[in-house]
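Number of protein chains: 2
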Amino acid sequence: MAASSVNRALVYGGKGALGSTVVNFFKSKGWWVCSVDLFPNEEAQVNLIVDPALSWTDQESSILTKVEETLAGEKLDAILCVAGGWAGGNAAAKALVKNSDLMCKQSVWTSVLSAGIAAKYLKEGGLLQLTGAKAALDGGTPGMLGYGLAKAAVHQLVRGLGMDGSGLPANATALAICPVTLDTPMNRKFMQDADFSSWTSLEFVASLLFDWVTGAQARPASGSLVQLITKEGKTDLVTA
Amino acid sequence: MAASSVNRALVYGGKGALGSTVVNFFKSKGWWVCSVDLFPNEEAQVNLIVDPALSWTDQESSILTKVEETLAGEKLDAILCVAGGWAGGNAAAKALVKNSDLMCKQSVWTSVLSAGIAAKYLKEGGLLQLTGAKAALDGGTPGMLGYGLAKAAVHQLVRGLGMDGSGLPANATALAICPVTLDTPMNRKFMQDADFSSWTSLEFVASLLFDWVTGAQARPASGSLVQLITKEGKTDLVTA
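Protein chains in written order, with our numbering: chain A, 1 to 240; chain B, 241 to 480.
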């Protein structure tokens, strides 16, 4: 296989629970995978490590430089931003700002940086996937203000990226998956009494992303916020 | 007039164009006004200066300490967060992250900090007003991604603050004004050929906020996003 025919994905948050599953899935299909995360994912062909002590703008210049060097003139078929996290807190919470800050860094910073990478290094017709949340589409989120506002910011970013003049390469698709609850080890640990059959499996998400990238499943329109609604272990895609 | 019968407003962004107008308006009505801003507003009775070099969490502890000392046991009738700004840029813009960062600091940081102040120091039944933007309610904002995502975050914050369990004092109202274009000197300078009759005057906004605080005009429901739609010099309030 000639170098230029290798398919390339960049997974932002590639060491997280969902990110690791995505890295493994794409790699198992013969893809070249670059993980961007605070920690290396040894399964990925390339790891770009983010220094969380850096400012947002310094993270940008650091990451863009590394991506430029790594790709050496090639472009990416897919940029999958599955970084994120969850923290609660209402306005009276001691951790209101601390958690809002963390949510913005985990979701908004990574999403905007992914959009910046996409503008420069995504192929025409490629896929930029960000991660929103169904909760922030359903109204206010009083018990998790920081989480909700960060996810609403990601949704607005995706809406704009799906429109003319967004700066993405021609025919690229930008969309967000908006899960309810992902079936991660951490969620199992902290919500032991939940109904796991309403949680979305990481393998389902990885497979879905792969099918969207390859065209095995029709991609939603660019700008779509795709809710992942799981019932009795079966997941429906509902565009918001 | 006994000290406890003085009406008190905190204006976040009290040195900006809108903030200065609000400070002057409330002061002209005999109110005690505290301005929170990067620079002092000499018209305000008290100035709390924010150090922009501080992190979000350090700004929080600095401001909460200063508010606590300044109020000395009293509470606020209104917290009016009119901080903000505008910067454009799509995903391909060199300033994508720089401008997104600025927009988040000017709109999201100030709004969340205002919510935190409100949880502790707003009177029962008081008003917390934040500043959104109609543009971010109308769909994607591809040419101003950072601005749009920051304002969408503020909108989501307000939706949550308007609900039970938000942590605000009993019967408090949280709402956002969502202007199209405010008639500021800066906007006049940079958009000289615009139709100024479709811009919303700062005096109108200050008067509106005062009427909401005092009850001279019925307050929209808590959680409302109130669009300010100005045509031929007349402004209608349209709840999103």
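Hints are computed from structural coordinates only; laboratory data are not their basis.
Ideal Cβ placement from N, Cα and C applies to all residues, glycine included.
Watch out, some of these pointers could steer you wrong.
[Stated by the list, open to error] With a straight-line cut-off of 16 Å between C-alpha atoms, the simulated EDC-like cross-links for lysine to aspartate or glutamate are:
1. B:338 with A:58
2. A:29 with A:203
3. A:98 with B:298
4. A:94 with B:298
[Unchecked claim] So the derived label-pair ranges between C-beta atoms look like this:
5. B:334 with A:196: 31 to 37 Å
6. A:17 with B:432: 51 to 57 Å
7. A:55 with B:455: 26 to 32 Å
8. B:280 with A:94: 42 to 48 Å
9. B:479 with A:45: 48 to 54 Å
10. A:180 with B:411: 29 to 35 Å
Hint by hint, here is what the structure shows:
1. Restraint check for residue 338 of chain B and residue 58 of chain A: the C-alpha separation of about 10 Å stays at or below 16 Å, so the hint holds.
2. Among the hinted pairs, residue 29 of chain A with residue 203 of chain A is consistent with the structure: their alpha-carbon atoms are about 14 Å apart, no more than 16 Å.
3. For the hint linking residue 98 of chain A to residue 298 of chain B, the alpha-carbon distance of about 10 Å falls within 16 Å, and the restraint holds.
4. For the given pair, residue 94 of chain A sits about 13 Å from residue 298 of chain B by alpha-carbon distance, which is consistent with the 16 Å threshold.
5. The hinted window of 31 to 37 Å between residue 334 of chain B and residue 196 of chain A is violated, with their beta carbons roughly 46 Å apart.
6. Judged by the Cβ atoms, the range 51 to 57 Å given for residue 17 of chain A and residue 432 of chain B holds: they are separated by roughly 53 Å.
7. A hinted range of 26 to 32 Å is violated for the C-beta pair residue 55 of chain A and residue 455 of chain B, which are about 44 Å apart.
8. Evaluation of the 42 to 48 Å hint for residue 280 of chain B and residue 94 of chain A yields a failure: the beta carbon distance comes to about 29 Å.
9. A beta carbon spacing of about 52 Å between residue 479 of chain B and residue 45 of chain A agrees with the range 48 to 54 Å that was offered as a hint.
10. The beta-carbon spacing between residue 180 of chain A and residue 411 of chain B, approximately 32 Å, falls within the hinted interval of 29 to 35 Å.
When held up to the earlier numbered hints, the structure conflicts with 5, 7, 8 and fits the remainder.
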